[in-house]
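*Asks:* Spelled out from the first residue to the last, the chains are:
2 protein chains.
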Amino acid sequence: MTLVRVEAGKNIKGAAARNKGFQVPGFLASVTSAEVKKGNSRSDLGLIFSEVPAVAAGVFTRNQVKAAPVQIDLKRIVQQEGRAVLVNSGNANACTGSGGLSDARKLSRQISQALSIPDSQVFLASTGVIGQRLPMSRMIKAVPSLIQSLSPYGLPLVAEAMMTTDTFPKIVSKEMNIGKQKVHLVGLAKGAGMMHPNMATMLCLVLTDLAVSPALLDRLLRKATDQSFHRITVDGDTSTNDLVLVLANGLAGNAVLDTPQTTGARIFSRALDQILLKLARMIVQDGEGATKEVIIRIEGTRTEEEARTLAMTVALSPLVKTALFGEDANWGRILAALGRSGVPFHPEHVDIHFNNIQIVKNGVSKGPKAETRAGLVLKKPTLTIRIDMHQGTFKTKVYTCDLSLDYVRINADYRT
Amino acid sequence: MTLVRVEAGKNIKGAAARNKGFQVPGFLASVTSAEVKKGNSRSDLGLIFSEVPAVAAGVFTRNQVKAAPVQIDLKRIVQQEGRAVLVNSGNANACTGSGGLSDARKLSRQISQALSIPDSQVFLASTGVIGQRLPMSRMIKAVPSLIQSLSPYGLPLVAEAMMTTDTFPKIVSKEMNIGKQKVHLVGLAKGAGMMHPNMATMLCLVLTDLAVSPALLDRLLRKATDQSFHRITVDGDTSTNDLVLVLANGLAGNAVLDTPQTTGARIFSRALDQILLKLARMIVQDGEGATKEVIIRIEGTRTEEEARTLAMTVALSPLVKTALFGEDANWGRILAALGRSGVPFHPEHVDIHFNNIQIVKNGVSKGPKAETRAGLVLKKPTLTIRIDMHQGTFKTKVYTCDLSLDYVRINADYRT
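Sequences listed follow chains G and X, in order.
Numbering follows my numbering, in which position 2 of the first sequence is assigned residue number 2; successive positions increment by one, without gaps.
Numbering follows my numbering, in which position 157 of the second sequence is assigned residue number 157; successive positions increment by one, without gaps.
Calculated from the structure, these hints are not laboratory results.
C-beta atoms are modelled at their ideal positions from N, C-alpha and C, and glycine is treated no differently.
One thing to keep in mind: the hints can contain errors.
To be verified - Here are the simulated DSSO-like pairs of lysine-lysine, each with C-alpha atoms no more than 27 Å apart in a straight line:
id, chain 1, residue 1, chain 2, residue 2
1, G, LYS106, X, LYS37
2, X, LYS397, X, LYS380
3, X, LYS182, X, LYS292
4, G, LYS37, X, LYS38
5, X, LYS380, X, LYS395
6, G, LYS361, G, LYS395
7, G, LYS141, G, LYS182
8, X, LYS366, G, LYS38
9, X, LYS292, G, LYS37
10, X, LYS38, G, LYS369
11, G, LYS366, X, LYS174
12, X, LYS361, G, LYS37
13, G, LYS369, G, LYS278
14, G, LYS361, X, LYS106
15, G, LYS366, X, LYS38
16, G, LYS106, X, LYS361
17, G, LYS379, G, LYS278
18, X, LYS379, X, LYS397
19, G, LYS366, X, LYS37
20, G, LYS38, X, LYS369
What the hints assert, rightly or not - Which stretches of chain X does chain G cover? Using the computed rule of at least three CB atoms under 8 Å from a CB of chain G, they are:
id, stretch
21, 124 to 138
22, 334 to 344
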């Protein structure tokens, strides 16, 4: 499950060969540069192909403004079958009107014809700038080289080709035994800014050779997404392009899983939960400009919904996030954020811990010594802020990052 | 109605004398340095005193975590009478428990005894760091000098003493005739970060010699606040300390206004609206790190509530705000923010203008020329982004600013 940095673009075969951990039987993948951003020769187009028909499940952005590829995928996912995923970075193909939809359909047809598969089994994923048409001639010209270079070692290269402002590719794998069969699971993601529950410029592709019914796969994916991508936030913005897509091709040869109560389903479900949470946390750790990952843990609420509302309000507060960047244990801003969440509570009952250092007891400071010690906790790359509301038994956790100078630099410059 | 920069601390009398525009008959004011922040000799304590009993109305933070002075003011405002306001910067006296409440009561008693007025007619306003107790001995020691230096010219000095991260004092005045009487109106505010509807580290004090019933004053204040402070946002955070307080001492001698339908009430109401909107916009223009003021105008919605939700989602989006800082006419981020607002609409009907330059028509770009011209609009210190949803007849306006590197610098360093 270690992450291997891939030098894309140069010596692809050598790099791919070093990434043998990230293979799933029956899945091939490849990348190329289509210069989606003109003059940029980094690999920006990736293809994943299942040699046999695969069960498909997906979760898509809830943003009403949906990119062309998402609009197409939403229609295709109802069939619950997939054979290929074409992904590009550099251009989101969002807010491009009917022209953008027709571009996406053309690309899909190129892939389905080249691979001799039904067009409806090609899924599309795009990320990058909003509002510009895709450079269709360069992309279509790149398709033959994509097809030719398909290989079992290509998945890490796709993780790299999906990156926009990500600083490292995100790919994790897990193997498990289900019955007597070995089952493989690999997840790829891209993240960075615009991440928020209900997702955001976040693409996640999951490949497995598990044999599973479409209904169960869908159910397990929704549960895993709710526990992972719906618990992270970088800036509260959500994107037009987000998707989590799973293809399961059944080549592991296990008895087809179709109810959640079986041992096999429980094993796979746990593995999927782990993989998605690991990818989600990688996205937060690589949040635009982030210098630290912060886990906001709310305890002692009357409902889980209340815990989530409180946690999200703290996790999204610019004042809390800039204080985290400044490594200032500014608990007053945390209390102020809780106070505007809309959840009723008694400020004088609230306790706050930074890791195991209690900084607030009954709504007031534990004193300068505690603040100094909490300040040291803020120097860690990952820390937990635990807030006990003392009015119930529910709790939740969300994952966020700090708001840094680099977040502003990256997003003020993104298009230029 | 021009703003005069006051050099507080040195040569107070001279500076005050230059500010003759900001006087209201019967109101005296003064400032001093209590070193609320130890070792800092800037003026940080201000007093306003009405020589005769005045009608009082107030609007206070909706944050559940309320600072000690706000808790006290909320009890006193029900009597609708006030004689004095004591305001300090440097320390918010928030999240300070019962000790903080007792500190605030002690200060109030010092003032009421020195001025021989009922303790219940002293209002308190604090702004600054949360969670630290006030330096009571230094503050109490400063009271006699405050009382001795009360003068009709002191209001601009109080505007200066209230500042925290503000870069300029905010004070405006207006005169009007009601019947045959001249009525004076002066408003002082402090703002900067943590500003949001339902207010935020925002203090606003309004003084007038109007004769008005408490009920009408309260009604007009709520209307003016809704059209001004509830329409501005810097970062979505709201504070524990916000308040807008009006004192009306009746010395103008007009026939007491007590219904909104009279000409006099309409004249005063318009003046109050203008003053509060002007102060609110000054706060946005001086938002922490702000380089520009941006008016988000939403048109063509089915309800005003929808217009407000859409406008606020755009006004608070970190991605939109960093693009504004980068002077990038990134309309895709605006559409994406609208799309996650929760308000249903058709993306393909949306038009977006930057001032008079249309950049989006029917949800897609008007092309590179329009984008270049819109980019020029972004170089202006104030601009309007006008968004037409084309599904109704309601509209609204909110005022926001960009999210800059300095916002992060200021808030990462605030306590250190």
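*Asks:* Are the hints correct? Go through all of them and say.
*Replies:* Results of checking the hints against the structure:
1. G:LYS106 with X:LYS37: This hinted pair is violated, its Cα atoms lying about 66 Å apart.
2. X:LYS397 with X:LYS380: 18 Å, holds
3. X:LYS182 with X:LYS292: Violated, because 36 Å separates the two Cα atoms, which is more than 27 Å.
4. G:LYS37 with X:LYS38: Violated, because 55 Å separates the two Cα atoms, which is more than 27 Å.
5. X:LYS380 with X:LYS395: Judged against 27 Å, a Cα distance of about 24 Å means the pair holds.
6. G:LYS361 with G:LYS395: 18 Å, holds
7. G:LYS141 with G:LYS182: The hint is violated at about 39 Å.
8. X:LYS366 with G:LYS38: 21 Å, holds
9. X:LYS292 with G:LYS37: 30 Å, violated
10. X:LYS38 with G:LYS369: 19 Å, holds
11. G:LYS366 with X:LYS174: Distance of about 47 Å is beyond 27 Å: violated.
12. X:LYS361 with G:LYS37: Distance ~24 Å between LYS361 (chain X) and LYS37 (chain G) Cα, so the pair holds.
13. G:LYS369 with G:LYS278: Violated - the C-alpha atoms of LYS278 (chain G) and LYS369 (chain G) are around 35 Å apart, more than 27 Å.
14. G:LYS361 with X:LYS106: 25 Å, holds
15. G:LYS366 with X:LYS38: Distance of about 21 Å is within 27 Å: holds.
16. G:LYS106 with X:LYS361: 25 Å, holds
17. G:LYS379 with G:LYS278: Within the cut-off at roughly 22 Å; holds.
18. X:LYS379 with X:LYS397: Satisfied, since the Cα-Cα distance of roughly 21 Å is no more than 27 Å.
19. G:LYS366 with X:LYS37: 20 Å, holds
20. G:LYS38 with X:LYS369: 19 Å, holds
21. 124 to 138: Holds, because 4 residues of the stretch 124 to 138 of chain X bring their Cβ atoms closer than 8 Å to Cβ atoms of chain G.
22. 334 to 344: Holds, because 7 residues of the stretch 334 to 344 of chain X bring their Cβ atoms closer than 8 Å to Cβ atoms of chain G.
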